[in-house]
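Undergrad: Here's the letter readout for the chains.
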Amino acid sequence: MSGTFVGMPAFPAAAHEAVRNPTLRGNLRHATHTIRGKREKAVAEVSDWAQLREAGRRIKDHTLRHLDRYLVQLEESVTAAGGTVHWAVDADEANRIVADLVRQTGESEVVKVKSMATQEIGLNEALEAEGIRAYETDLAELIVQLGKDRPSHILVPAIHRNRGEIRDIFAREMGEWGRPAPEGLTDTPAELAEAARLHLREKFLRAKIGVSGANFMVAETGTLVVVESEGNGRMCLTLPETLISVVGIEKIVPTWRDLEVFLQTLPRSSTAERMNPYTSMWTGTTDEDGPQNFHLVLIDNGRTDTLSDEVGRQALRCIRCSACLNVCPVYERAGGHAYGSVYPGPIGAILSPQLRGTASEIDASLPYASSLCGACYEVCPVAIDIPEVLVHLRERVVQGGEVTRGGNKVLLKPAKGHAAERAAMRAARWAFAHPGALRTGQRLASRTRRFHPRTLPGPGKAWSGSRDLPPVPAEPFRDWWQRTRGGKDASE
Amino acid sequence: MSSRERILGRVRRALADVRDDDTPYEQAVRRDYLSEHGERSVEETVELLAENLADYRAIVHRCADEELPDVLGRLLAARGARTVLVPPGLPERWLEAVDATRVPDRAASTPHELDRVDSVVTGCAVAIAETGTIVLDGSPDQGRRRITLVPDHHICVVRVPAQVVSSVPQAMPRLDPARPLTWISGPSATSDIELDRVEGVHGPRTLEVVLVSGDEVAPLA
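Chains A and B are the protein sequences, given in the same order.
1 is the number of the first residue of the first sequence in UniProt numbering; add one for each residue after it.
1 is the number of the first residue of the second sequence in UniProt numbering; add one for each residue after it.
Treat the hints as calculated values from the structure; they're not laboratory data.
Don't take every hint at face value.
[Stated by the list, open to error] From chain A, some residues computed to sit far from chain B (all C-beta separations above 10 Å): (1) E17; (2) K148; (3) G357; (4) V410.
[Said to hold, decoys possible] No farther apart than 16 Å at their CA atoms in a straight line, the calculated lysine to aspartate or glutamate pairs in the EDC-like style are these: (5) A/K38 with B/D55; (6) A/K409 with B/D17; (7) A/K203 with A/D168; (8) A/K203 with B/D115; (9) A/K38 with B/D115; (10) A/K41 with B/D55; (11) A/K38 with B/E194; (12) A/K203 with B/D196.
[To be verified] A few chain A residues facing chain B, derived, Cβ under 7 Å: (13) A140; (14) R274; (15) L307; (16) P473.
Built from N, CA and C at the ideal position, the CB exists for glycine as well.
Construct the entire structure; sequences and hints are all you get.
TA: Shown next, in the form of structure tokens:
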């Protein structure tokens, strides 16, 4: 993934910083609580939400199970409609393909629609290195780009900024990139949106190349779909002469009709709207309407590795709505930056360690960035059981085992720093397999309970630092059961 | 080996555990969701469309077919539009009462030229009541995608009830994916500042929808 995040500290250290920032806490709390309430209302409007969610899950699962077939079908449809399909195994290859396509046109700037895939591969930085300037046109992405910041939310990358901070960034930075912010800009959202409109307009009107992602690709028709609000997407998708769409291979749906499910669940889950203001759908190229050159770059970049994990592959169902971020108590407090990835929040905690592997400190810590409360699973419009995958990934981190990296099966070593946990589990396994020892141990623990410390010593200290040790009962359960025959004897 | 072969090979190896799953698509995807939400009469469906359009800040007008030229003339005059973009297949009668200079939708126009046009008038392909959405498909009465994007004022005429469906599932079979489609639900908006919705960013900041009845008797699908 993007080099932006290299050298990130593990989640607990990063979160530790974040929770001590009162402005950040306030901004996140305000934004996530606003959207939570609205989402509930929008979802309650459709009585068949559970059925739509189930249909979405099944469509995505079926597609993933036959992904090779649908990829080939998509390629045929897009090509037949006048597009050109490119395949990229990893981020470097995808960036090289896009840079080459831009260079062939002789242009040195592109306008971009907000896209998680291009964030993931670090396209802007790669283009910059080739002397090509990429302008982000989504309002939140613009705030992030102008503020030399990192995105902290899938849908609203500048969620960590409040209106006052946004005003300051616009007033300070817009002049560097093009048209400066209007004199006397205030912090009302309408004025800020107007400033962005004016700043970006000249860029849209002169743009020769647009770069986008896609929310969906329809295999049977070759249709790509971009769901948006501001109209910046429409600008980038229709005004330039050349359009380059960079899309993860998991974004396919088999049929045109499948869109009817996601066009109902996605807007309600992400911005809590019945429908987002603009959705663009295009199939290859159209004579004299929109870009006359269309390139689709399909990227793997860890997706096939994720697909080979029977439990973890469900993460590929994700439609990037961000409902799980908005509802997560951990995200609300730690913020998106602490996750050290373009995919923050609960979905990021299961997606990043699978796309990138669990070798780095941050990726090994992400499966633990959760209280396993399950709210993310509840709101997920494609029913990804995020807690299940989190626990599965924790097991992988602690125990190691066989995983697929870069298309090859490799044996993962157990992670460092979990020695005490492994020792405790081994001891527990031995004790439960030896009833005599277990009984003796339990009795000993009961009799000495007055002397038990409140916190664990040594390596257990960190664990009991934020938890109370459970009190040991005066009599072990098994003794009580034998003595009272399971409570039947009133003598108890 | 090409990247294409490499990726497809990786996909096939990754799916080794489900290689024998040959459940056909129709069986794997159960569709027990509703084709529309609630039961409504034709008139109620049109009413719901008007409500939902207005809820997302589109300005809704209703008129009979013979009143349409007057309504369009009045709306453009009230806006102070001096120029209006006209798709090639827009019925000529619609703009009879319009004073503004007509600008044809031409392939040769540059985006900068379009940016100097005040308003655009189009028809639509279908309108969806439950979501307050109008869909354009680039037909002759709607023109190229960019003409409804660059000007700041869009008037869209919807023939009711012929062009109105209740729900998204009912809209899909009416649309041709081979055509470039634009789904519009209210004017341009953003939720990017503190996740609060604000209208008016890059697309037309004013969307007026005229629901015109009476020129056809085609029943609701």
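Undergrad: Now tell me, hint by hint, if it's right for this structure.
TA: How the hints compare with the structure:
no. : hint               : verdict
1   : E17                : holds, 22 Å
2   : K148               : holds, 18 Å
3   : G357               : holds, 15 Å
4   : V410               : holds, 13 Å
5   : A/K38 with B/D55   : holds, 14 Å
6   : A/K409 with B/D17  : holds, 15 Å
7   : A/K203 with A/D168 : violated, 22 Å
8   : A/K203 with B/D115 : holds, 13 Å
9   : A/K38 with B/D115  : violated, 35 Å
10  : A/K41 with B/D55   : holds, 14 Å
11  : A/K38 with B/E194  : holds, 13 Å
12  : A/K203 with B/D196 : violated, 26 Å
13  : A140               : holds, 4 Å
14  : R274               : holds, 5 Å
15  : L307               : holds, 4 Å
16  : P473               : violated, 45 Å
In this structure, the hints that do not hold are numbers 7, 9, 12 and 16, in rising order.
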